[in-house]
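Visitor: Grab the two chains, each in its own frame, and use the hints to assemble them into the complex.
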Amino acid sequence: MAKFATVVPAPRSLPMRNVHPIYVSVVALLMLVERPASADPLSELSSFSVFDKIDLAQLAKTDVKTAHGPPMANPRYLSVQSCYVVSGTPGQHLEALRNWNPSAHRELKVFMHADVPGSPTEAAFAKIKQAPDNAAMRAFVAATNKMSADLQLSREEAARWKPGDGTLAGAIGDFWINVLTGRARAFASGGTSALAPYNHTGNAIRAGEELNGLLREQAKIRKQFAGFLDSTGIGRGSGSLKPELYWEMLNVEDMGVTSLGAFYGRATGGGAEAADVFYYASGGYYADLALYQMWPVEVNGKASTLVWRGDMISSASLATLRGVEKLGSESAMMKDVAKSITLFRKDTAR
Amino acid sequence: MCAIFNRSLLLAIFVVTTRTLAADIWTGEYSFDETYIGEANVTRGKLRVSNFDESNTFIRFVLTPRIKLGVLRLGVEYEQFSFGLSQRAPLPNTLQSVAAVVGIDTQISDSVLLRVEAMPGVYSEAFRSGSTDFNMPFVIGGTYIYNPNLQIVLGISVDIDRKYPVLPGGGIRWKFQPQWVLNAVLPTPRLEYELNKNVTVYIGADLKETNFRVGDRFGSDHGLPQLNHAVLTYSEVRVGAGVDWKLTNWLSIDAEGGYQPYRSFDFYRADIRFKEDGPGAPYGMISFHGAF
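Line by line, the protein sequences give chains A and B.
The working numbering puts the first residue of the first sequence at 91, with every later residue one more than the last.
The working numbering puts the first residue of the second sequence at 13, with every later residue one more than the last.
The following block holds chain B by itself, in its conformation from the complex (with noise of 0.2 Å):
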C-alpha cells in the first residue's frame, strides 16, 4: 500500500512536472560538505566511551523549477555520521541516510512565502538489516517578509520517530548594515560580513539532530538487547567561524572551523543516553555549494 501510494505520488509529480515545466526545470541547488570532528567522549553514568573522532558527510542536490504554484524541490539528498569508535563500545560506528527532497516553495501573499518540504527515505545504522525503516520528516515553514533587509521565520519540523514528533523553529535574517547580515534562522544562526561581492565570513552555529533506526541485532551484539531495531536521535552542535568564497555563479567554496561543544547519542525510547563528557572537540568544514 505504501509502495503503491509513492509510486503514485512520483507518478503524479512527474506528470505534473513535465507539464508544467518548459526551460526552466534545470535550476537547482547542491552541496557537498565534509566535516571532520577530533577526538572526545561521551558518557552514560559511569559508562565512558573515549576518544573517538567523527566524520561527517552530506551531500544534497535539489532540482528547483519554477510552476504556476510556485517552486518545487525535487531531490536526494545523502549523509553519514562515521565515528571512530572501538568494536565494544555500544554506539554505532556508521549512521547513514538517504532520501527524496520533495517540497514547494510557494507564495501566500505579497509578504509570506511558505515552505512544505518532506524528505522521505531510510535513516539507518549502516544500511544494517532492520535499520532501513522508511521516515518521512517534513518542515513547513513561512517567511514573512516585512522588507528586502528584514525577514521572520517560523516553522514546524515533524519527525514521527522523534522523541517529541513536532518542534517548533525559526529566526530573523537581517540586514541591519549594507555589509552586515544577522542570519539568525535555526538550525544555523550566523553573523555575516560581506567582505566584497564574492566573499563573505561569518560566524555562527550549526545544530543537527537526526533520527536513526539501528539493526535488528545492534543490542545484542553490544549487551544492550533492548537496543535492538531501536531509534537513536543523534545530535550535535557546533559553532565556528568560516569564509564562504563564490568562485562562480553556480560554484562556493565554503571553510568552516570551531569546536564541537555538545553531542548526544539517545535511545530516547530505552531511556539509555550518551552525551558530551569533557571540553568537546574541534572541527573543521569544508563544503562546495551553489545553484543553477
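This is chain A alone, in the form it adopts within the complex (with noise of 0.2 Å):
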C-alpha cells in the first residue's frame, strides 16, 4: 500500500488590514488599464486550465470542482486546479482571500499566522517563542537543536546557530527570529532572486528557481498569468506591486514547519487576480504557489464570481514517490484544496 506525502501546506491566510496606499493607486491605474477582452469566462477558464467543459450552473450548485494538474517531467513538482463559483463581485472575493485566517480552523494545521510590515523586523517575528507545546513543535525544536539536514538553510545562516538552552522560548526561538526576519527583508528587498539558497546540507535549492520551474512546466497557465507575476516578486526581483508579507508556524508531514509568504493581488477590468506565495519554508517543501483567476458572471440572476484557482507546489518528499503513491499524494492534495476552499466559503459566507 502505497505512503502519501503530506506536504501541501494549509492554504492560505491572508489578513491584511492595512493596505498601503501605494497598493491602492497601483490597483486603481490597473483598473482603468483595459483587459484584452475573451470571449467569455468559461472559454478563457478552458484555454489555460484543465477544466475543459465546466457548467457554470451546475458548478454554482456545487461546492467545489478539483483536478489534478497536468504531469510534470520534475518529480519534485504537484499541482492541483480547482474552480468554483461564490456570490459576489471579484473585487470582493479578492478582498475576502485578504481577509482569510485559517489559523481558526485547526484541521488545516496552522498553528500561528502573523502580518509582516513592508520593512521586516524581528518584533513581527517574537510570537514564534510563544507557539504551542505539541509534538510536531517538538520534532521542530529537536531538529533545530541537531542542526538537522531536514532543516532549510543556507549556509550562513547554519553558522549563526549557537547552541543554548534548547527551548523556542530561548536560543531557538532567537536563531528562527533572526533566519525568518534576514528572509522577509531580502524578499521585500529583491524577491526571490534575492533569497539565500537551501545549501546548509547537500545540493543549493532555491525557492525562485523552484517556483519558475513550477510556471515552466505548466505553461498555459505561465503565459495567461505572465503580466500579473512580472510585476510580482515571485521567480524573479521585487516587482511593482508591493506583497502583502506573513509567516506562518504549521504542521507539515508531523514537524513543525516556518514559512514566509506573501500574497498579491491586483484587479483586471471586472475581474481579479492574485498569486500568494510560500517563498521561504524551514522545512516539508521548498516552495509554494497559488494563483487565482477570478471573473464576473451572473448566476440566477445574481452578481457572482467564477474563480480558478491553481496550487502547486516543489517538495524534495515528492521526488520519493512513484506510481500510485504520487497519485495519493495529488488525491491528499486535492482534498486539502477542497477542504480548505470550503471552509473558506463556509466563513466569508457568514
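Treat the hints loosely; a few may be bogus.
[Said to hold, decoys possible] Distance condition first, Cα-Cα at most 35 Å in a straight line; then the derived DSBU-like pairs of lysine-lysine: (1) K429/A / K209/B; (2) K429/A / K80/B; (3) K429/A / K258/B; (4) K143/A / K80/B; (5) K209/B / K425/A; (6) K392/A / K425/A; (7) K80/B / K313/A; (8) K287/B / K175/B; (9) K236/A / K209/B; (10) K209/B / K252/A; (11) K425/A / K80/B; (12) K258/B / K236/A; (13) K252/A / K217/A; (14) K436/A / K155/A; (15) K151/A / K80/B; (16) K313/A / K392/A; (17) K436/A / K313/A; (18) K80/B / K155/A; (19) K80/B / K310/A; (20) K258/B / K252/A; (21) K151/A / K436/A; (22) K209/B / K217/A; (23) K217/A / K429/A; (24) K209/B / K219/A; (25) K80/B / K436/A.
Simulated from the structure, these hints should not be mistaken for laboratory data.
These numbers come from a predicted model, not from an experiment.
Guide: If you want it as C-alpha cells, here you go:
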C-alpha cells in the first residue's frame, strides 16, 4: 500500500488589514487599463486550465471542483487545479481572500499566523517563542537543536546557530527570528531572486528557481499570468506590485515548519487575479504557489464570481514517490485544497 | 484468436503509451526477493512428505508511466518455488510462473483511487509439457483516502483456476503515530515503525497463494494419474519481522526472518491435498527493491 506525502501546506491566510497607499494607487491605475476581452469566462478558463467543459449553473450548485494539474517532468513538482463559484464580485472575493485567516480551523494545521510589515523587523516574528507545545513543534525544536539536515537553511544561516538553552523561548526562538527576519527583508527588497539558497547540507536549492520551474512546466498557466507575475517578486526580483507579507507556523508531515508568505492581488477590468506564495519554508517543501483568476459572472440573476485556483508545490519528499504513491499524494492535495476552499466559503458566507 | 487478441492488445497499449508519454516513461518499480525456508513436512492422510526445504525467488519489473487517465503499470514478473523433494514425492519439485503485468492506477475522485491489474502468463510446473497453459489472474481494488494518515482498501482477486475464482481482499493503512503505521492490507499485513527516514522495522505476515498447472504426465509419473495436467493451488503463510533499509532513492534492502506456520499443496479438482504437518519451519528472506 502506498504512502502519501502530506506536504501540502495549509491554505492561505491573508489578514491584510493595512492596505498600503501605493498598492491602492497601483490597483486604481490598473483598473483603468482595459484588459483584452476574452470571448467569455468559460472559454478563457478552458484555454489555460484543465477544466475543458464547465457548466456554470452546475458548478454554482456544487461546492468546488478539483482536478490534478498536468503531469510535470520534475519529480519534485505537483499541482492541483480547482474552480468554484461564489456570490459577489471578484473585487469582494479578492478582499475576502485577503482577510481570511485559516488558523481558526484546526484541521488546516496552521498553528500560528501573523502579518509582517513591508519593512520586516524582528518584532514581527517574536510570537514564535510562544508557539504551542505539541508533537510537531517538539520535532521542530529537536531538529533545530541538532541542526538537522532536514532544515532548509543557507550555510551562513546555519553557521549562526549557537546552542543555548535548547528551548523555543530561548536560543531556538532567537535563531529562527533571525533567519525569518533576514529572509523576509531579502524578499521585500529583491523578490525571490534575493533569497539565499537552501544549501547548509547537500545541493543548493533556490525557492525562486523552483517557482520558475513549476511555472515553466505549466506553460498555459504561465502565459495566462505572465503580465501579473512580472509585476511581483515571484521567481524574479521585486516587482512593481507591493506584496502583503506574513509568516506562519504549520504542521507538515508531523513536523513544525515555519514559512514566509507573500500575497499579491490586483483587479483586472471587471475581474481580479491573485498570487499567494510561500517563498521560504524551514522544511517539508521548497516553495508553494497558489494562483487565482476571478471573473464576474451572473448566476440566477445574481452577481457572482467564477474562481479558478491553481496550487503548485515543490518538495523533496515528492521526488521519492512513484506511481500510485504520487497519485495518492495528488489526491491528498486535492482533498486539502477542496477542504480549505469549503472552509473559506463557509467563513466568508457569514 | 487468443494470440491475435493479445497481440492487438499489446500493440494498442504500445501505441497509446508512445503517443501519450513524454519524459515520464522511464519511471517504474522493481523487486528481487529470495527466500529460503527450512525443512518441514506435509501430509495427506497417512501419506507424509518429510523434511523438504524451499527456495522462493520473485522478480518483478514494472514501468509506471503517467498518462492522462492515471498511472499505467506495464511490466513482467517471474516467480519460482523450488522444493527439496525426493523423486518419489507426489508433489512437483519446481513451480514456475512468468507473466506480464498490465494495469492502471487511476483516480475516480479526489478520495478514491482504483487499480486494475492483470498478470497474463504461464503458471507451470517447471515449464514441462502440458503445464504451460495460459492464465490471466487479475485484481481490481479501490483505495479510499480518508486522509493522508488513513486509507481503506477493498478489492477482489479473480483467477478462474482457483477453487473460488473470486476472492475479496483489502485492509487499512493507518499512520496512527508519526513513526507508526498499521499497514494491514492483505496479502502482506504489517505493523511498521520508522526508526529514521531511511530505516523501517516491521512485524507482519505474507499470505501467498498461486495456482499452477502441472505437466501432462505428472500424475502418471507419481502413481496418481488423475493429477495429469491438474491445477495445483500452492499456499503458504509466513509470519516474521524485518528491517527495510533505504540505501538510495532507487534502492532499498529488506531483510526478514520468521516462521512459516502453514503450507498446502491442493489439487482441489482431484480432491487431493497435502497440508502442513508439524511445527512449520523457519525462513529468511532478502529483498532488493525500489522505484526509479
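Visitor: All hints are to be evaluated individually against the structure, with a verdict given for each.
Guide: The hints, checked one at a time:
1. About 29 Å separates the Cα atoms of K429/A and K209/B, which keeps this hinted pair within 35 Å; it holds.
2. For a cut-off of 35 Å, the pair hint linking K429/A to K80/B stands: about 24 Å separates their Cα positions.
3. Taking the CA atoms of K429/A and K258/B, the gap is about 34 Å. The hint holds against a cut of 35 Å.
4. The suggested pairing of K143/A with K80/B holds, with an alpha-carbon distance near 16 Å, which does not exceed 35 Å.
5. Between K209/B and K425/A, the direct Cα distance comes to roughly 25 Å. Compliance with the 35 Å bound is thereby established for this hinted pair.
6. With a C-alpha separation of about 29 Å, the suggested pair K392/A and K425/A falls inside the 35 Å cut-off, and the hint holds.
7. Simply put, K80/B and K313/A have alpha-carbon atoms about 22 Å apart, close enough for the 35 Å limit, and the pair holds.
8. For the proposed pair K287/B and K175/B, the alpha carbon gap of about 16 Å is at most 35 Å, so the pair holds.
9. Under the criterion of a C-alpha separation no larger than 35 Å, the hint pairing K236/A with K209/B is consistent with the structure, at around 15 Å.
10. Distance hint between K209/B and K252/A is fulfilled; the C-alpha atoms sit about 26 Å from each other, no more than 35 Å.
11. For the hint pairing K425/A with K80/B, the CA-to-CA distance comes to about 19 Å; that is within 35 Å, so the pair holds.
12. With a CA separation close to 22 Å, the supplied pair K258/B and K236/A stays within the 35 Å bound.
13. Distance hint between K252/A and K217/A is fulfilled; the C-alpha atoms sit about 20 Å from each other, no more than 35 Å.
14. With a CA separation close to 16 Å, the supplied pair K436/A and K155/A stays within the 35 Å bound.
15. For a cut-off of 35 Å, the pair hint linking K151/A to K80/B stands: about 27 Å separates their Cα positions.
16. Straight-line distance between C-alpha atoms of K313/A and K392/A comes to about 31 Å, which keeps the hinted pair within the 35 Å bound.
17. The straight-line distance between the Cα atoms of K436/A and K313/A is roughly 32 Å, inside the 35 Å bound, and the hint therefore holds.
18. Between K80/B and K155/A the alpha-carbon distance is near 18 Å, which keeps this suggested pair within the 35 Å criterion.
19. Of the supplied pair hints, the one linking K80/B and K310/A holds, its CA atoms being roughly 17 Å apart against a limit of 35 Å.
20. The straight-line distance between the Cα atoms of K258/B and K252/A is roughly 32 Å, inside the 35 Å bound, and the hint therefore holds.
21. At roughly 14 Å between alpha-carbon atoms, K151/A and K436/A fall within 35 Å of each other, so this suggested pair holds.
22. Pair hint K209/B plus K217/A holds up; C-alpha atoms about 30 Å apart against a cutoff of 35 Å.
23. Simply put, K217/A and K429/A have alpha-carbon atoms about 27 Å apart, close enough for the 35 Å limit, and the pair holds.
24. Pair hint K209/B plus K219/A holds up; C-alpha atoms about 28 Å apart against a cutoff of 35 Å.
25. As the CA atoms of K80/B and K436/A are separated by approximately 33 Å, the hinted pair is consistent with the 35 Å bound.
The earlier numbered hints are all upheld by this structure, with none contradicted.
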